[in-house]
Every structure is written in structure tokens, then in C-alpha cells.
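Novice: Each chain, written out:
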Amino acid sequence: MGVPRFWREIPARYNLIGSKCETCGAFYFPPRRFCPECRRQGKMAPYQFKGTGEVVTYTTIYTPGDSWIGGKPYVLAIVKLDEGPHLTTQVICDPAEVKIGMRVKKVFRKIGEDGDKGMIHYGTKFVPA
Amino acid sequence: MRDVAIIGVGCTKFGEMWERSFRDIVVEAGAQAIGDAKLNGEEIEAMYVGNMSGGQFVSQEHIGSLIADFTGLASTFHIPATRVEAACASGGLALRNAIIAVASGYHDVVVAAGVEKMTDVETGVTVDALASAADREWEGFMGATFPALYAMVARLHMHRYGTTRDQLAQVAVKNHHNAVNNPRAQFRNEITLDTVKNATMVSDPFTLFDCSPITDGAAAVIVAPAEDAKKYTDSPVYVLGSGQATDTISLHNRADFCTFGASVAAGQRAYEMAHVTPNDIDLCEVHDCFTIAEILAIEDLGFFKKGQGGPATLAGETAIGGKIPINTSGGLKACGHPVGATGIKQAVECVEQLRGTAGKRQVDGAKIAMTHNVGGTGGTAVCHIFSNERRK
Ligand SMILES: [Zn+2]
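Going down the list, the protein sequences come from chains F and C.
Under the UniProt record's numbering, the first residue of the first sequence is numbered 1, with each subsequent residue one higher.
Under the UniProt record's numbering, the first residue of the second sequence is numbered 1, with each subsequent residue one higher.
Just so you know, these hints were derived from the structure itself, not from any lab.
From the three backbone atoms N, C-alpha and C, an ideal C-beta is built for every residue, glycine too.
Hints are not guaranteed to be accurate.
[As the list claims (entries may be wrong)] Non-contacting residues of chain F with respect to chain C, defined by C-beta distances greater than 10 Å in every case (computed): (1) Arg5; (2) Lys43; (3) Pro64; (4) Ile78; (5) Lys105.
[Claimed, not checked] Covered, in the sense of this in silico footprint (three residues per stretch, anywhere, with C-beta under 8 Å from a C-beta of chain F), are these stretches of chain C: (6) 120–133; (7) 143–151; (8) 154–166; (9) 243–253.
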């Protein structure tokens, strides 16, 4: 991933900042310019999520792509944040430990890197709460 | 709007074709289709080519010009050739565009092709390229692979509806069984539930045998106005319905992870246009990129109630001879999944079934067949309904 592309996403990735529609009250992550419910009548404002939620579903990945530099296997999950929206994230735990409905909280972690000389990517992962 | 018919089909062998090039396989499929329709080639007015990732798999973009060139239709006829991309639904969408072009009256004889050459790069590169069918910035970046996203769907489906590991595995067992009788299929061997369950783990609960393979292949069909179809062939297959729909590109933004809203909508649009219901369908080629995908598809298309897809599969209701034969070709699982070609290959299988030329895979008395082609984890869905009888 190029530097400008990653840099653009830093506020959302580092701080879990998404959007709140001030017209209908819905929360979105990642940030959106349009509320799919209200469209032109929607009024989107940045919103920092508390970073707590629960595992909706999960898998343990044994065969990542070539660009993956982390250890394996690793646990990937869809987490429902307490404010409502869902996101795809890693859960740092023993694969035997993760369960549907498990409470989790955000942590700041290294996600990946662009080879030996490229930039290092950081972002949000989750751990059992 | 004019009714449209398929007047010729062609399809290469699917598999690892290391000795053959991207352009070579798609030209072979096109030449077969032209021969099948008894055309010379100069009748062709336009071309739509479904291709997902020429850029990532073979470092080739500008697919329209390339294919028109090597089918001999560029330098002399300068026909319009358009590449169509919607991830693994690229082929189905190319066909839909060809149908729309003929239905509108803009063109008469049009080719829809699909092609992918996936084995020229190493597996890890393929995994990354396929992950680009999901949301790269918010799924792929977090380490999500294509199997992982479908595995999370499977996990929730099992949790919510009691779908079992054996029910998932039976999708692969049945599709391998069907592929034994398909000379084009990549895998023509029977497998058992234990073969699936004991294979190398890819992304829990999926093993290698829950996943469609990495495949090279190409397919082509030729469409023409229904009123002219008998000029070209004694066995035209008529397009009764076509539906396309989208949903969020990321799985996590869906209202429900156990149904693909795009499949439901594309299916309903095709049923409405064809004036048929799921009960009228004699066979369906669905997008079984992973075992759970076939179970979702047969539920989303209305063949079975939500949660009943797994038990129905294990009970043999989707086998040839069952209530609704699914993936008589062997599906993506056993016939192979050259991503951009899949949607066209599904149509080729339906045409052969409706002509009664599917050999040992033949569904007795098949009159109406359906295809269901999905891009990514349900971000795009394209359905078509075909018949060997013209619309009244
Ligand atoms: Zn709103």
C-alpha cells in the first residue's frame, strides 16, 4: 500500500474514527460521506468509537496471501461495535478461545509492512475484554 | 425490447494450462462458439469480455482490444470490444451486457466471453489478487482472505441454523460426483465426506476441499435476436430473464451475514422478467466458490427456506435426479473457477442441458435452466434464466 493511501486512512485506522449521521442517528465505520438511509438529507459528522463490542462471527486463517507478514494462524472476526456498526478485524487470542458473542476491546497494533524497506502499517486490532 | 437467444457456445477444458496463454484459451472458446453457430465471424457486431484480474494474474490490461485482435475482428472489422469487470461475476455480467445490446436493437450478433489465466503466478499472489474482490482498505488490509470471509459466513450459518460440517462437505462431494461426467472439468474424481473434512485446513471451518480451485479457462456464447435464431441453429436457447444486483462490497456492512441480498434481488428480477417461479426451474448452476456459497445460493434463490439448504443437500435433493439439480457441471468446486470465465461457463452448461446434449449429466426433460454468478462476497450478483422454448 502506498504512503499517500495509508496516510489518508490514519485518523480512522489509529483512532477508530467513523461517521455519525446527525439526521437519523446511525453510526458508520469506516467513515462515509453519504448516509445510505438519509442520502442528501443526511448530515455526517466524525465520530470516535469507544472501541468495545462483541464477536459476531470469526475464522482462523491458516493460508494468508503473499503480502501477509504476520504470524499464522491468526484469528479474523467481524466485530459489532457497541454503537452499532460492524468491522472486520483481527482478534489477538488463542484460536480455541474465540467464541461468537465474546466481548472484545480495541488495541493499537502493527498490522503489516511493505517489505523490508517499505512503510510499517499500524491500526486497530481487538483483544478479549 | 427484443427477445434474445443463444445460438452458439464454446468452452475450453478447465484446469492448470501451463502450456497455454491467456489469449490462446479465449480465442479457442470463441472459435468453438462461432463454429457451433455456423458463423464465419464477420457477422459478429460486438464483443463483451468478462475478466476479473488480467492485470494482477498476467500483467495484461486492455483486454477488449487484445481479444478482438486475436480473434481477427479488430484490424479488419474494428468491432467494438468491451471488457467487463465485476470480480467473479465478470462473465455473467459480460453476458448480460451482450443480451442488453441485442435486446435494445443496437446490435444483432454479439459475443459474450469470459476468461481468466490464474496459474501463471504463485498461489500467494493469487490469494492477494482474489482478496481485491472484497474491500481492500477495510477487509484485505486487516488480513482477510477470500476463503476467510466466506468461512465467517459459514460459521454464523452453522451457529444460527444448525448447518453441519457434513452438510457443507456434501456440496463438494456432490459437485465432484457431477464433474466425473464433465469432460471439461478440472477435477473428475469422486471424493467422500472424509476427504473434505480431513484435508488441509485453509480457514476454519474450511479445508482445501471446501474451496474452489485456482483454474485457467475460457468460455464464450453468441447471442442474437430470438426471431433470427433459427437462421443460425436448429437448437437455439432463449433468454427468458436477466437480473443484476449489488450490495455493500464489504461483508461487515451487511444487514445480515447469512443471506446475500444481491443474490435475492438478482434472482427476483430474473424470475419476474421470465414470468417463472423457483418451482419452474429444472436445474441451476449456482456460484459455489466455497461450499457455504452453494447453500446460501439455493436458499437465496428460493429453492429452499433459509436454513434448509444444508439438510436438503445432505438428503440428495440437489443431486441430478433430485428435486432441483444444482451444479450439474461440477460447479466452481470441481469443474473449476477461472473467475472471469465462470458466469459464461454456467450459461454453456445450461445450453447443453436444454439442448439435451449433456450426456451422463443430462437432467431428463430439462426445459428451464438458471445461472447465478456472484462477485466477491456478494457485492454483485447476476442471474439468467434460459429455456429451449420461446416465450409465448
Ligand atoms: Zn442518516
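Novice: Against each hint, give a clear statement of whether it holds in the structure.
Specialist: Here is what the structure says about each hint:
Non-interface status of Arg5 of chain F relative to chain C is broken: a Cβ of that chain comes within 10 Å, the nearest being about 8 Å off. The claim that Lys43 of chain F lies off the interface holds: its Cβ sits roughly 20 Å from the closest Cβ of chain C, which is beyond the 10 Å cut-off. Listed as a non-interface residue, Pro64 of chain F fails to keep its Cβ farther than 10 Å from every Cβ of chain C; the least gap is roughly 6 Å. Distance check for Ile78 of chain F against chain C: the nearest CB is about 5 Å away, which does not clear 10 Å, and the non-interface claim fails.
Every beta carbon of chain C lies more than 10 Å from that of Lys105 of chain F, the smallest distance being close to 16 Å; the non-interface claim holds. A stretch counts as covered by a chain when three or more of its residues have a beta carbon under 8 Å from one of that chain; for the segment 120–133 of chain C and chain F the count is 6, and the coverage holds. Here's how the segment 143–151 of chain C fares: 7 of its residues keep a CB closer than 8 Å to some CB of chain F, so the rule of at least three is met and the hint holds. For a cut-off of 8 Å, the count of residues in the segment 154–166 of chain C with a CB near a CB of chain F stands at 3, and the three-residue condition holds.
Requiring three or more residues with a Cβ within less than 8 Å of a Cβ of chain F, the coverage given for the segment 243–253 of chain C holds, as 4 such residues are present.
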